[in-house]
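Enquirer: If you want the building blocks of each chain, they are given just below.
Number of protein chains: 2
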Amino acid sequence: MFKLYFAPGTCALASHIALAEAGADYTVERIDFKTNQQNSPDYLAINPKGRVPALATERGILTETPAILAFIAQSFPNAKLAPLDDALAFAQVQSFNSYLCSTVHVAHAHRVRGSRWASEETSFADMKRKVPETMGACFALIESKMLRGPWVMGEQYTICDPYLYTIATWLEGDGVEIATLPKLAEHHRRMAERAAVKKVLTGQG
Amino acid sequence: MFKLYFAPGTCALASHIALAEAGADYTVERIDFKTNQQNSPDYLAINPKGRVPALATERGILTETPAILAFIAQSFPNAKLAPLDDALAFAQVQSFNSYLCSTVHVAHAHRVRGSRWASEETSFADMKRKVPETMGACFALIESKMLRGPWVMGEQYTICDPYLYTIATWLEGDGVEIATLPKLAEHHRRMAERAAVKKVLTGQG
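Chains W and H are the protein sequences, given in the same order.
First residue of the first sequence? That's 1 in the numbering used here, and the numbers climb one at a time after it.
First residue of the second sequence? That's 1 in the numbering used here, and the numbers climb one at a time after it.
Treat the hints as calculated values from the structure; they're not laboratory data.
Some hints could be false.
No copy is singled out in the list; a pair is fine if it fits within one copy or between any two copies.
[Unchecked claim] Heads up, simulated DSSO-like pairs for lysine-lysine below, C-alpha to C-alpha not over 30 Å straight-line:
| no. | residue 1 | residue 2 |
| --- | --- | --- |
| 1 | Lys130 | Lys3 |
| 2 | Lys49 | Lys145 |
| 3 | Lys198 | Lys130 |
| 4 | Lys130 | Lys49 |
| 5 | Lys199 | Lys128 |
| 6 | Lys49 | Lys34 |
| 7 | Lys130 | Lys34 |
| 8 | Lys3 | Lys145 |
| 9 | Lys183 | Lys130 |
| 10 | Lys49 | Lys128 |
| 11 | Lys145 | Lys198 |
| 12 | Lys198 | Lys80 |
| 13 | Lys49 | Lys3 |
| 14 | Lys145 | Lys34 |
| 15 | Lys80 | Lys145 |
| 16 | Lys49 | Lys183 |
| 17 | Lys80 | Lys128 |
| 18 | Lys145 | Lys183 |
| 19 | Lys199 | Lys3 |
| 20 | Lys198 | Lys183 |
| 21 | Lys80 | Lys34 |
All chains, full assembly: derive it from the sequences and hints.
Expert: Structure follows, in structure tokens:
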């Protein structure tokens, strides 16, 4: 039994979908960002970084989306969420997810989380203005060089797909038109049709 | 046979050390950042992201430090660079490395790479001023909650160690005194004593 700590609209959605895809036995607990619950003493005892997602397992807490996703794939091999028997193919899955967390998510975060890296309102406004350009560049690269289609890694659905889907839900707010990225738009549409995604998005998973 | 594309002073050092620790058969090729070689057509054909490291394998190119490190650990199981038979312990290794790439490296990058996320000189200066605080906070968390000692994961040396060592070499320039972090300082000293690290740093590996 796992427990996923999440907040709506965050990257925790990727781990949530992966748990549902894996057929895992799990519960979820919503952390209320409006009351800053992520920085409450109770939650900091779970994740001292004050972020979501965090996955409680029988042997301790796990944080960071790429690590949680790979863990779910390895824990439920029958769900075939990653090429577990091929180190290079597995590394390519990890490489994609690492790019999402270290470059794409970070580019997005400069829209409303500028105070993580600067102190002046003028800097926050400057960062915010650049987000359509940086997110646009990230997704142009994903569209042209990374997304093999129909899924990120080609014919096989993997843990890259819910993560890409999750970050792509931010594009409209980031000023990037998904319609300008045909492969991504098709990926987004396919993802929304999956039973696991519907279950999670309607609060039934 | 692997080939690692690297530049001095970058996070590519972590993969370089891991290759040496693994006893891998590899060569290295230095990419000259002073002439912007990372954005040359030849290098962009290797890594369209225009970054290092990139690891050329017989089956294609691999990028992103956490993915390369896990790939090295899985490709050389006898080197015992990760707990490969324990999905949760492996995920904890990955969680640490994911934190380094998505939070710590990113905090550091705001010192001289502000133009990735903003456009105004005043914003770059603001970002630069905040780096001692953000890197200090990251390493305070690493010191108090993550670094088990003597190695990151405890008694077993893993792929977390060369990555932490690499990023810690940036601390002085980032305005964080390593002496204020006793566990980290000891880790840094131990790392510098390892044969693989000496070999790489003296250009013999």
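Enquirer: When no copy is named, should Lys199 and Lys3 be tagged within, between, both, or neither for a Cα gap of at most 30 Å?
Expert: within (17 Å within a copy, 45 Å between copies)
Enquirer: Go through the copies and call it for Lys145 and Lys34: within, between, both or neither, with a Cα cutoff of 30 Å.
Expert: between (38 Å within a copy, 26 Å between copies)
Enquirer: At 30 Å max between alpha carbons, let me know whether Lys198 reaches Lys80 within a copy, between copies, both or neither.
Expert: within (20 Å within a copy, 41 Å between copies)
Enquirer: Is it within, between, both or neither when you check Lys3 against Lys145 at 30 Å Cα-Cα?
Expert: between (35 Å within a copy, 21 Å between copies)
Enquirer: When Cα atoms must be at most 30 Å apart, do Lys130 and Lys3 count as within-copy, between-copy, both, or neither?
Expert: neither (36 Å within a copy, 35 Å between copies)
Enquirer: Using 30 Å as the alpha-carbon threshold, which applies to Lys49 and Lys3: within, between, both, or neither?
Expert: within (18 Å within a copy, 36 Å between copies)
Enquirer: Which holds for Lys130 with Lys34 at a C-alpha limit of 30 Å: within a copy, between copies, both or neither?
Expert: The answer is both: 26 Å in one copy and 26 Å across copies each meet 30 Å.
Enquirer: Since the copies are identical, ignore which copy is meant and state whether Lys183 and Lys130 lie within 30 Å (CA to CA) inside a copy, between copies, both or neither.
Expert: Within one copy only: 24 Å inside, 39 Å across.
Enquirer: Reference check for the pair Lys198 and Lys130, CA-CA at most 30 Å: within, between, both, or neither?
Expert: neither (33 Å within a copy, 42 Å between copies)
Enquirer: Indicate which option fits the pair Lys130, Lys49 if close means a Cα-Cα distance not exceeding 30 Å: within, between, both or neither.
Expert: Classified as both; 26 Å inside a copy, 18 Å across copies.
Enquirer: Cα distance capped at 30 Å. Does Lys199 pair with Lys128 within a copy, between copies, both, or neither?
Expert: For Lys199 and Lys128, neither the intra-copy (33 Å) nor the inter-copy (44 Å) Cα distance is at most 30 Å.
Enquirer: One pair to classify: Lys198 and Lys183, alpha carbons no more than 30 Å apart. Within, between, both, or neither?
Expert: Within one copy only: 21 Å inside, 46 Å across.
Consistency note: the structure conflicts with the earlier hints numbered 1, 3, 5, 17, 21.
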